[in-house]
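Visitor: Keeping their order, the protein sequence lines are chains G and B. The numbering used here numbers the first residue of the first sequence as 1 and each following residue consecutively. The numbering used here numbers the first residue of the second sequence as 1 and each following residue consecutively.
No lab work stands behind these hints, which were simulated from the structure alone. Note that CB positions come from ideal geometry on N, CA and C, so glycine has one too. Accuracy of the hints is not assured; some may be wrong.
Simulated crosslink set (DMTMM-like; lysine to aspartate or glutamate; CA at most 25 Å straight-line) [stated by the list, open to error]: (1) K56/G to D77/B; (2) K2/G to D77/B; (3) K70/G to D98/B; (4) K38/B to E5/G; (5) K42/G to D53/B.
Sample of chain G residues at the chain B side, in silico, Cβ under 10 Å [as the list claims (entries may be wrong)]: (6) Y32; (7) M34; (8) Q38; (9) P44; (10) S92; (11) S106; (12) I108.
A few chain B residues that don't get close to chain G, going by computed Cβ distances all over 10 Å [what the hints assert, rightly or not]: (13) K17; (14) P43; (15) H48.
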Amino acid sequence: QKEVEQDPGPLSVPEGAIVSLNCTYSNSAFQYFMWYRQYSRKGPELLMYTYSSGNKEDGRFTAQVDKSSKYISLFIRDSQPSDSATYLCAMSAWGSYIPTFGRGTSLIVHP
Amino acid sequence: DAMVIQNPRYQVTQFGKPVTLSCSQTLNHNVMYWYQQKSSQAPKLLFHYYDKDFNNEADTPDNFQSRRPNTSFCFLDIRSPGLGDAAMYLCATSRGDDSYEQYFGPGTRLTVT
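Make the full structure from the sequences, and use the hints.
Guide: Below, the structure is given as structure tokens:
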């Protein structure tokens, strides 16, 4: 079992849909959680990070962490074609600056 | 704007011909990382530096080496590229204290012919 599991997709949704992207993890030491967006042939771009359970909102994006279930989510409201990209989750234990990445979920938002 | 810069963006090399990829940062971050990413895969950590302290992952091939001559610059050397080394190479930085998020450069896409 990998430390971080992420469904590679692709996930195809119509414009305006609410998108839910998820990762599960097995290492209970993970305390810091990040989401990256990666457009084709570009480097990953940090979207959001959080170090606690609960929700964190930034514009159309909401990151949710459930440590009891070892499950994190990224919600995208009012999805746009420009959101089409691969979304990578990453997580670190306290004191470790080496994150563990999921393999990414490919999202396609069609007009 | 503070950023991570990688050069070149695209590199074509011949089988066995050494190549050097460069990374620079204006974020003044302590930690610099080199990742290899192949299609539809998670980035794979090759090396990282905390200041000048060098760390390579146990499964990083000997064919790969790295240098960090100062805080701002880091280089990835591939001594004898094979076809399997064709990939996107990503440089990233992080502060390295109690802040864990990484900032990535645009990547260098390496093609081996």
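Visitor: Which numbered conditions among the earlier hints are violated in the structure presented, ordered from lowest to highest?
Guide: 1, 2, 5, 12, 14, 15
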